[in-house]
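> Sequence:
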Amino acid sequence: MPTLTVQNLSGAVVSVPTGATLLVALHAAGHDWMHACGAKGRCTTCRLEVTEGLELLSPPTDAELRYRTAGRLLPHERLTCQTRLPAGSVTGRVPEATKLPHQHYSE
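Per this note's numbering, numbering of the sequence shown is gapless, rising by one per residue and ending at 154.
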């Protein structure tokens, strides 16, 4: 099964079921992850900085492309509510701006 590893979130090696978004997989694994718009692709609070495996992720959605054009989403960032992982393993980090205050993050 495809996996997502979040480097700065302790214990976050998450199996990503076929067809599930990264956000759904993170929540199913018990991780709290910011998503202010309710996972509708209307904000950028659920973004993930992808450090390895960007090419393995589903193509950017229209919402992600709009945020890139507006300068609110960098080329190496993806919205977890919009992104799927068909196969392989991806590694990323929670951006500083979207860290939750009650979570413990490593450097």
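Keep in mind that a hint or two might mislead.
Stated by the list, open to error - Listed next, with one range per pair, are the computed distances between beta-carbon atoms:
hint: 1; residue 1: Pro106; residue 2: Thr52; range: 19 to 29 Å
hint: 2; residue 1: Lys146; residue 2: Gly85; range: 15 to 25 Å
hint: 3; residue 1: Leu147; residue 2: Thr98; range: 29 to 39 Å
hint: 4; residue 1: Asp109; residue 2: Ser153; range: 28 to 38 Å
hint: 5; residue 1: Ala83; residue 2: Leu121; range: 12 to 22 Å
hint: 6; residue 1: Gly118; residue 2: Ala75; range: 27 to 37 Å
hint: 7; residue 1: Gly58; residue 2: Arg113; range: 32 to 42 Å
hint: 8; residue 1: Gly77; residue 2: Thr116; range: 27 to 37 Å
As the list claims (entries may be wrong) - In silico EDC-like links for lysine to aspartate or glutamate, alpha-carbon gap of 16 Å or less:
hint: 9; residue 1: Lys87; residue 2: Glu102
hint: 10; residue 1: Lys146; residue 2: Asp109
hint: 11; residue 1: Lys146; residue 2: Glu99
hint: 12; residue 1: Lys87; residue 2: Asp109
Everything labelled a hint here was simulated from the structure, so no lab data went into it. Where a beta carbon is used, it is the ideal one built from N, C-alpha and C, also for glycine.
> State for each hint whether it applies.
Hints and how they fare:
1. Pro106 / Thr52: 19 to 29 Å: For Pro106 and Thr52 the Cβ distance comes to about 21 Å; the hint holds.
2. Lys146 / Gly85: 15 to 25 Å: holds, 19 Å
3. Leu147 / Thr98: 29 to 39 Å: Given a distance of about 20 Å, which is not inside 29 to 39 Å, the answer is violated.
4. Asp109 / Ser153: 28 to 38 Å: Holds - the Cβ-Cβ distance for Asp109 and Ser153, about 34 Å, lies within 28 to 38 Å.
5. Ala83 / Leu121: 12 to 22 Å: holds, 18 Å
6. Gly118 / Ala75: 27 to 37 Å: holds, 32 Å
7. Gly58 / Arg113: 32 to 42 Å: Because 33 Å falls inside the window, the suggested range holds.
8. Gly77 / Thr116: 27 to 37 Å: Holds, since Gly77 and Thr116 (Cβ atoms, about 35 Å apart) stay within the stated range.
9. Lys87 / Glu102: Distance ~23 Å between Lys87 and Glu102 Cα, so the pair is violated.
10. Lys146 / Asp109: Status violated; Cα separation ~25 Å.
11. Lys146 / Glu99: violated, 20 Å
12. Lys87 / Asp109: Cα-Cα ~12 Å, so holds.
Consistency with the previously given hints fails for numbers 3, 9, 10, 11, ordered from lowest to highest.
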